[in-house]
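Visitor: Chain by chain, the residues run as shown.
Number of protein chains: 2
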Amino acid sequence: MTTIAFDAMGGDYAPDDVVRGAAWISLDTDINVILVGDEKKITDILKDVKHNPENLSVHNTTQFVGMDEHPKEALEKKPQASILVAAQLVRDGKAEAMVSAGNTGACILTCAKTFSKIPGIQKAALASVYPTEIRRGEKNDPFSLILDVGATINVTAKDLVSFAIMGSSYASRISKNPKPRVAILSNGTEEIKGSPEMLEAYKLLKQYPKINFIGNIEGIDIPKGTADVVVCSGFTGNIVLKMLEGVSETVVGLAKFAYKKRFAWKIGLFMLKGAISQLKTITDWEQYGGAPLLGFDNLFIKAHGRSKAKATSNAIKVAAKAVRGGLIQEISSSIKDFSFD
Amino acid sequence: MTTIAFDAMGGDYAPDDVVRGAAWISLDTDINVILVGDEKKITDILKDVKHNPENLSVHNTTQFVGMDEHPKEALEKKPQASILVAAQLVRDGKAEAMVSAGNTGACILTCAKTFSKIPGIQKAALASVYPTEIRRGEKNDPFSLILDVGATINVTAKDLVSFAIMGSSYASRISKNPKPRVAILSNGTEEIKGSPEMLEAYKLLKQYPKINFIGNIEGIDIPKGTADVVVCSGFTGNIVLKMLEGVSETVVGLAKFAYKKRFAWKIGLFMLKGAISQLKTITDWEQYGGAPLLGFDNLFIKAHGRSKAKATSNAIKVAAKAVRGGLIQEISSSIKDFSFD
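Taken in sequence, the protein lines are chains A and B.
Okay, so the first sequence: first residue is 1 according to this note's numbering, each after it adds one.
Okay, so the second sequence: first residue is 1 according to this note's numbering, each after it adds one.
In isolation and in its complexed conformation, chain A is listed as follows:
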């Protein structure tokens, strides 16, 4: 049985919707969830929601970090914040992984304060999935993993190599894709393209047999899905992810524009409703369960701030899957295997 510490107070729709997600999990799976947060509020919500009390317990704390609070200040002021308490449960072996839809900065800072880095890893990386044209793995997943999408501005060659190793381990466990294609995102596919750090990482990865390194990819390969795991600095990853968000909004804006313009277009769009909703399903982040923070000796999955019950329950499932797949052990042993010198 896998136990997940769940921050019941984090997220735009917390605690109501996120607790509901955990309730579904207790009925559907054999995952054990510890809801960390205001016991009174959580118990009130659970009164109206079907759940299996054997798989669901509450760990009481009334402090929590709000979505708009300054991460550092909030954590200093609130030593019993739900995210901190959840992390301590994991550190102390009471749970095997942590999930939160709360304040991203506070979550990452909490992990840095509470967990230790895996030996050999200098920077932790936040990884995100995004929809692609190409599908992959046993489950035909229509998404790629990109990391870092966190706060790193400048990355060393070693950072990029460790991102590649961590991303590859995660993708092979979550997408059941035994040999995920790993690439560096650069300004050209040739080996000589990119910053000096990227050129060095290219050379190192080429020599490492455990990674299915396919070389450099370019921007055009992002929506295509040429690589299953895309490695870059947090700065670049942030721009890529936010551009993808913007593009889907632009397509919807354009569809609405066409809708208004002409009667024939209106009918055309109506007839395409099925195709558009299929597109929506493919690009629906709620399905993917969240972004793993990789590099620490314990796993944290960051669910989207806008998560409701469905997204929350998927994030918990993903965390349990990674635990059962031995993700942290796999990353540790791969990093140890890899000779940086």
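Rather than coming from a laboratory, the hints here were simulated on the basis of the structure.
Take these hints with a grain of salt, some might be off.
[Stated by the list, open to error] Pairs of lysine-lysine, BS3-like flavour, derived with a Cα cap of 30 Å:
no.: 1; chain 1: B; residue 1: K77; chain 2: A; residue 2: K242
no.: 2; chain 1: B; residue 1: K193; chain 2: A; residue 2: K193
no.: 3; chain 1: A; residue 1: K310; chain 2: A; residue 2: K41
no.: 4; chain 1: B; residue 1: K77; chain 2: A; residue 2: K224
no.: 5; chain 1: A; residue 1: K158; chain 2: B; residue 2: K193
no.: 6; chain 1: B; residue 1: K308; chain 2: A; residue 2: K123
no.: 7; chain 1: A; residue 1: K242; chain 2: B; residue 2: K308
Dock chain B against the given chain A, drawing on the hints supplied.
Guide: Same frame as chain A, but now just chain B:
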């Protein structure tokens, strides 16, 4: 009368299609074009194409750089290559700007060898336009300018500031947008987001009244078009541009998928044909005439390698417009005004 030196031998469809583009220009406008290239071939093409010989002359040279040649080696081997000869005509005052659809690396190297940098500018920048949701300027242009999209990997604060000044001057002249909104592309809109170089450039631009600086933008603002001029390193610009290319291919792929799937979708797509072709018009790079290389004391417009007659003629028109608008003089005086110290 404005005179443009045109590399008749550069491009996937050179010389046939590009010469045809120049022929249109000779009939439609009062721009004078010097076709630089193999006189015999050019004359043969012109025999079959309507043109006004008063506005069209040929400057003979039989050497040229192929699209797949190594830029540096090719230029060393061929001192009379059409691109080099065209640049020399501009340098020597026989023409006021240069246009080519040829090998990008060879074009940029030619400019670096033949022209001088505008005093105060350390790095030249290649700028590109891309389609956006928002429209701007007197002509309601549906595109933004992004620079650098060239080879710069690391940029200094001064580089970013000079990109902002050059991009703003170009946009105000070409889109007739008197106060283009200029932004730095970063991993967050806050002033504290980005590399140290970006933070310094932010401070400098905020204090400079001649630029309508709107601060940082994020990836999501790229397809929206929040800024008219987007400033970034060549590395980032390359990824952005290529992602935009990839996304439009993905949308087309999706449309084809829907087309095959169901009869209703097939009819729906048929009825939307007008809307889709309108989308194609908006996102059609052939309309925009090419990418200016900014920072030298002479102007070069790089037309897309796949340019045919229409794109070629637009590139020539854009070059003439920039010359008539006094672009180079405007950039020189803005850079002089700006106190870097």
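Visitor: Mind checking the alpha carbons of K193 of chain B and K193 of chain A for me, to see if they're no more than 30 Å apart?
Guide: Holds: K193 of chain B and K193 of chain A sit about 26 Å apart, inside 30 Å.
Visitor: Can you confirm whether the C-alpha distance between K77 of chain B and K242 of chain A stays at or below 30 Å?
Guide: This hinted pair is violated, its Cα atoms lying about 45 Å apart.
Visitor: Check whether the Cα positions of K310 of chain A and K41 of chain A lie no farther apart than 30 Å.
Guide: holds, 20 Å
Visitor: Would the hint linking K158 of chain A and K193 of chain B be met if the CA-CA limit is 30 Å?
Guide: Satisfied, since the Cα-Cα distance of roughly 24 Å is no more than 30 Å.
Visitor: Would you mind confirming whether the straight-line C-alpha gap from K77 of chain B to K224 of chain A stays at or under 30 Å?
Guide: This hinted pair is violated, its Cα atoms lying about 39 Å apart.
Visitor: Tell me if the straight-line CA distance from K242 of chain A to K308 of chain B falls inside 30 Å.
Guide: violated, 34 Å
Visitor: Would the hint linking K308 of chain B and K123 of chain A be met if the CA-CA limit is 30 Å?
Guide: With Cα atoms ~49 Å apart, K308 of chain B and K123 of chain A exceed 30 Å; violated.
In this structure, the earlier hints numbered 1, 4, 6 and 7 are contradicted, and the remaining ones agree with it.
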